[in-house]
Amino acid sequence: MTLVLYFLAYQTAFILGFIVGRMGWMAKQQQPIVVKNIMESAGISGPVTVNSGMNNVESVQVRKTEESSAIPTVKKVVKIDDSTFVTAVKADVLERKGATLGKESSVADNIGTSISKLAQLKKNS
Amino acid sequence: MAKGLDVGTSFIVLASENEPGKINYKDFRDAFYVLKPTTPIATKMIEKGLAGKAFVKDADGSFIILGKDAIEKAVERNESAKRPMFKGVVSSKEKDARRILTYILKEVSGPPEEAGEKIVFCIPAQPIDQEDEDFDVGYHEDVIVKLLSEVGYSPRAINEAEALCYSELANDDYTGIALSWGAGMVNVCVMLNGEPTLTFSTTKSGDWVDRMAAVATGEPDSIVQAEKENGDFTVGEPNENQVLAAVASYYDRLIDYTTKQLAVSMDGHKSLPNFKEPLPVVVAGGTSKPKGFVKLFAQKLAENGFPLPVKEVRHAADPLHAVARGCLIAAQVM
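Protein sequence lines, in the order shown, are assigned to chains A and B.
In terms of the working numbering, the first sequence opens at residue 1 and continues consecutively.
In terms of the working numbering, the second sequence opens at residue 1 and continues consecutively.
Accuracy of the hints is not assured; some may be wrong.
[Stated by the list, open to error] Beta-carbon label-pair distances, calculated as ranges: (1) A:103 to B:21: 20 to 26 Å; (2) B:39 to A:110: 54 to 60 Å; (3) A:125 to B:59: 47 to 53 Å; (4) A:112 to B:44: 36 to 42 Å; (5) B:19 to A:125: 28 to 34 Å; (6) A:108 to B:232: 27 to 33 Å; (7) A:104 to B:44: 28 to 34 Å; (8) A:18 to B:268: 49 to 55 Å.
[Claimed, not checked] Stretches of chain B that chain A covers, calculated by requiring three or more beta carbons in the stretch to come under 8 Å of a beta carbon on chain A: (9) 49-61; (10) 165-178.
In short, the hints are calculated from the structure, not lab data.
Remember, it's a predicted structure, so these values are computed and weren't measured experimentally.
Backbone N, C-alpha and C fix where the C-beta goes; we use that ideal spot for every residue, glycine too.
Chain A on its own, in the form it takes in the complex (with noise of 0.2 Å):
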């Protein structure tokens, strides 16, 4: 009798365990999706490295085909209102009281055979 009860403690201990045990790894399971997705489409790859800017052609050329094939099912569309981001920044308010900004000066300097060569650099490459 005492064996049997043991053995039903035991039993329905390890299927408790069992439940407990698969509820946790089914949310460690989700977490990482939305966390990975969210760092994918926001082009955050880790430390800085040389070359690893985002004026970098290579690198956003990179994290392009990262997010298309990282990605595949949810496309959400998100727009940034730079008409109220950026332009919100206004000069007007500050009046202008004394001198002009600036100190001109010029030299003579023929910048032609510069531009002709690199222009001819660019049209090859």
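Given the coordinates of chain A, work out where chain B should sit on it, guided by the hints.
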């Protein structure tokens, strides 16, 4: 017609070619200092005292002194002038930074000669010694594009050191390395036949020298900056003036730090072409102006294991205007 605009932490420089063979530059010191009068009499007295200086009056009645006048006023009061830019981008430290930078850029660039006139301005590269989330060049670029578009220009951004390459590497088939030593950052570009193959920046430059020398001597940054720009010192050599001695010492450390960063970052980098010939290295920017700078930089490059063969290290023909000149050249090619 086209224009080039160097939007620097310490100086804003506009370059334009109003007639062939002649370039006009407009330089403006990127600084401001706010005076807030407490009484109507003080308002009148301050306004009278500012006659002939570059300043604006704000909506709240305060006076914002701009440019070198701001630095002079700050030094006069034993304080530091403020900057609308910090480390190459619009400053997040100053709440007035964006609107003051907007005002300065509109005033310096002036109206376009014709609607949609091309203007190329420079932006810094992503730093290698600072985390991505601590540095935002995207918003900085957007602010400048927006305001120049509003004025009537067709703006385009290029990397600061790339502009320097366009200005200084014409006789080297646009192949070589350029370093723009600004106030906030050092921008680096490796170029092959007119195409930038590698660009990055480091976040210690002239302002760092000023700050460290200010800490060492107990003087405000503005006074250190004024001493540095007007004083006589040689990089890495002792000086009788306490401030200049600290400046010379920190210059030595800055050059050592930057050349070590260059060596570590570029060694075996996959974007670097296999150069057949030794490369010219060009340096420019206000921080590169002191005596002995180029010599010590060349020496440290060799000592710290710079991974590419170097033909020569030379100063730009006009170190303060070279980036704006490069932007002007780019504006006429792109």
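Checklist line | Satisfaction of the hinted span 49 to 55 Å by the C-beta atoms belonging to residue 18 (chain A) and residue 268 (chain B) | finding: holds (51 Å)
Note to self: Three residues or more, CB to CB closer than 8 Å: is that satisfied between the stretch 165-178 of chain B and chain A?
What the structure shows: As far as the stretch 165-178 of chain B goes, the hint holds, because 5 residues have Cβ atoms under 8 Å from chain A.
Note to self: At least three residues with a C-beta closer than 8 Å to a C-beta of chain A: is that true for the stretch 49-61 of chain B?
What the structure shows: Per the Cβ count (10), the hint holds.
Note to self: Between the beta carbons of residue 104 (chain A) and residue 44 (chain B), is the distance compatible with 28 to 34 Å?
What the structure shows: Taking Cβ atoms as reference, residue 104 (chain A) and residue 44 (chain B) lie about 31 Å apart, which means the hint holds.
Item checked: Whether the CB-CB distance between residue 103 (chain A) and residue 21 (chain B) falls inside 20 to 26 Å -> holds (22 Å)
Note to self: Verify the CB-CB distance for residue 39 (chain B) and residue 110 (chain A) against the hinted window 54 to 60 Å.
What the structure shows: The hint (54 to 60 Å, Cβ to Cβ) holds, given that residue 39 (chain B) and residue 110 (chain A) are roughly 57 Å apart.
Check: Should the hint that residue 19 (chain B) and residue 125 (chain A) are 28 to 34 Å apart at their CB atoms be regarded as holding?
Finding: 31 Å Cβ-Cβ, so the 28 to 34 Å window holds.
Note to self: Assuming the hint says 27 to 33 Å, is it satisfied by the Cβ distance from residue 108 (chain A) to residue 232 (chain B) or not?
What the structure shows: holds (30 Å)
Item checked: Whether the CB-CB distance between residue 112 (chain A) and residue 44 (chain B) falls inside 36 to 42 Å -> Hint violated: Cβ distance 53 Å, outside 36 to 42 Å.
Item checked: Satisfaction of the hinted span 47 to 53 Å by the C-beta atoms belonging to residue 125 (chain A) and residue 59 (chain B) -> holds (51 Å)
Comparing the model with each numbered hint stated earlier shows that hint 4 is the single one that does not hold.
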